[in-house]
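6 protein chains.
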Amino acid sequence: MTTVRLIADDEASPQVRAVFDDIRAVRGTDYINNFWRALACDPSLLAATWSRLKDVMAPGALDPLVKEMVYIAVSAVNGCEYCAHSHTASARAKGMSAAMYGELLSVIAMASQTNALASAMQVPVDEAFRS
Amino acid sequence: MTTVRLIADDEASPQVRAVFDDIRAVRGTDYINNFWRALACDPSLLAATWSRLKDVMAPGALDPLVKEMVYIAVSAVNGCEYCAHSHTASARAKGMSAAMYGELLSVIAMASQTNALASAMQVPVDEAFRS
Amino acid sequence: MTTVRLIADDEASPQVRAVFDDIRAVRGTDYINNFWRALACDPSLLAATWSRLKDVMAPGALDPLVKEMVYIAVSAVNGCEYCAHSHTASARAKGMSAAMYGELLSVIAMASQTNALASAMQVPVDEAFRS
Amino acid sequence: MTTVRLIADDEASPQVRAVFDDIRAVRGTDYINNFWRALACDPSLLAATWSRLKDVMAPGALDPLVKEMVYIAVSAVNGCEYCAHSHTASARAKGMSAAMYGELLSVIAMASQTNALASAMQVPVDEAFRS
Amino acid sequence: MTTVRLIADDEASPQVRAVFDDIRAVRGTDYINNFWRALACDPSLLAATWSRLKDVMAPGALDPLVKEMVYIAVSAVNGCEYCAHSHTASARAKGMSAAMYGELLSVIAMASQTNALASAMQVPVDEAFRS
Amino acid sequence: MTTVRLIADDEASPQVRAVFDDIRAVRGTDYINNFWRALACDPSLLAATWSRLKDVMAPGALDPLVKEMVYIAVSAVNGCEYCAHSHTASARAKGMSAAMYGELLSVIAMASQTNALASAMQVPVDEAFRS
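First to last, the protein sequences are chains A, B, C, D, E and F. Numbering-wise, the first sequence is residues 1 to 131 according to this note's numbering. Numbering-wise, the second sequence is residues 1001 to 1131 according to this note's numbering. Numbering-wise, the third sequence is residues 2001 to 2131 according to this note's numbering. Numbering-wise, the fourth sequence is residues 3001 to 3131 according to this note's numbering. Numbering-wise, the fifth sequence is residues 4001 to 4131 according to this note's numbering. Numbering-wise, the sixth sequence is residues 5001 to 5131 according to this note's numbering.
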């Protein structure tokens, strides 16, 4: 159950259709996942989000797999069910092994606990960390 | 201002002292940052947290720098000032360049926005993501 | 699946019944949504929550529709599935158009990303913002 | 203390300078707040963030003041000190009265408490909310 | 730096003054902490918040100290600096020992990490937990 | 739907089997809940998490029931569906009455709202709270 209707191909406006076509071309698959079909309720939000995602997740100073793992971490902390699933699937498609996933989960768990401790105790930042 | 007193070396109990010594040995520095001096208010919590952190952040299937970047991501989303500073410093010490940091920030920002969108619209998870 | 039983009309205590009756009168509908039937597990919590909600969401310096949109924003960030659905439904009933919802989603996404960036970089607040 | 250096005008690259100039032109002020000077550590992130913000916060189906109030709500829930200050200042500059701010705070508080209750009890979404 | 002015006694309206007087009477101290002086920017929000807090934190089926420790836990997870400090002070005033605080921190850290793990992996709720 | 396969007894490695056996022994039940079967995707994460949980949740300066209620509070704020259910079930098994649960929910709701208010207004911490 979603708050908006998922837009099917045959009801997509030309602007939505253009984004769907670009998603297909960039990813090399015909499949458009639900997130984009939901965002299509607002064509300009859809276009802006896809355009930025395409740039941000492209290879650069960081490997695309590293980026997917960072995405999983953010999504877990935000408790986003959809993004946890979609980016875990993406990370696996880009080569994340079971061992890598286990270590990723371990870091997420570790950071979550020390974040909570530092916030509870309100530990002052060390001068030594000044950049 | 912290909720507990930061424990100085000369007031550390033997159990606390042992952890401080191990932190110094593992990191190759004499400096003990405030987080550990605050956690020393509870020696068993200090020992358990350090022991686990040491294991989790060690090299493995993931590079230590990747782990630090995941740590930064989790800390940013949790709004943890202390951890954002300490792990950004650690990541730089392990080789994070300005370009890598810029891309890391971009992924964190991207994930935060799509997480919020997916949560607002409650997008249903695609069957295609089933592992 | 909820952690408490949803209280049906015929098992409601007089205190619960009085709140249900007031919800019906204020909203002009016979329907009591699940949130209130769950809260009824604690009659005083139910009464206090409903009484405050009624005051807060009434017309005032802000339009009730604006209040519903703020409610959606808070619920999205907190990842609250129930509240995202119930308040999106309320906002629509109060006149939120598709265009308004699209812009609301865009602001939620924008704020989520700049929040994450400001927290990651721990940007100091400008003196200029001092009220 | 921030994790990056705040970029002053005289050290800004041409790409950064162009964004700073546009911020000044759009806002009709010479003042560039710290968020943008921090983001300037990554010129493409700076440009993308500013470009999108300018579009999202412009008048449309929602009034710019409503957008600022939604921004405040998101920032409060995310615990973002910087954004709470900067967008409260912006909202006031756009006409938010003390009465409006008081009601905004009341809605944020109300939503935060019912979000927590719905999440604690895991209340199932009513069929009646299906769009 | 706060987004509103802290209201001093001599500028308090009669409605604000009445709440301040009640806080003093209930707590047996002349000191009014900043939270209430800030909330006084909206007298009805101030009155509603204090009235509810007084009821909720009173002795009942749960001991007031247990309630303060739950308050600390919520505040730590929400990253609320103010509330972490004020409720840790309150808990100590009500008898929280160093050992109790250490165990409280340990539970907060434990829950934060398993929450993150369960959210990352999206573990399905067991039928056995159905109430 | 989970991101990993839930490990059944007959496919558990010796390390996983040892943890499952210890869970059964400590809890005095044959039932292993899904969280542990999911964590078993990474045997060392499973072992570390269980070992720490066993220590943290044991009787000490705080009663085990108090610990479970703190766990519920953290899980509600983090929006963790799984943990809200599993720890509410545990708290009930340890004696949490309906009245206690109602007061726990009331404190969680109260703290969530004052946290949001303090964060929105960025109330400065009182000197009086300095430990």
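Just so you know, these hints were derived from the structure itself, not from any lab. Among these hints, one or two may not hold up.
Computed spacing ranges between beta-carbons, pair by pair [claimed, not checked]: (1) E:Met4001 x A:Ser51: 32 to 40 angstroms; (2) E:Pro4064 x B:Ala1008: 45 to 53 angstroms; (3) A:Ala18 x D:Asp3009: 49 to 57 angstroms; (4) B:Gly1028 x F:Lys5054: 42 to 50 angstroms; (5) C:Asp2010 x F:Ala5098: 13 to 21 angstroms.
Beta carbons: idealized from backbone N, C-alpha and C, even for Gly.
_Are any of the numbered hints broken by this structure? If so, which, sorted upward?_
Result: hints 2, 3, 4 break, sorted rising.
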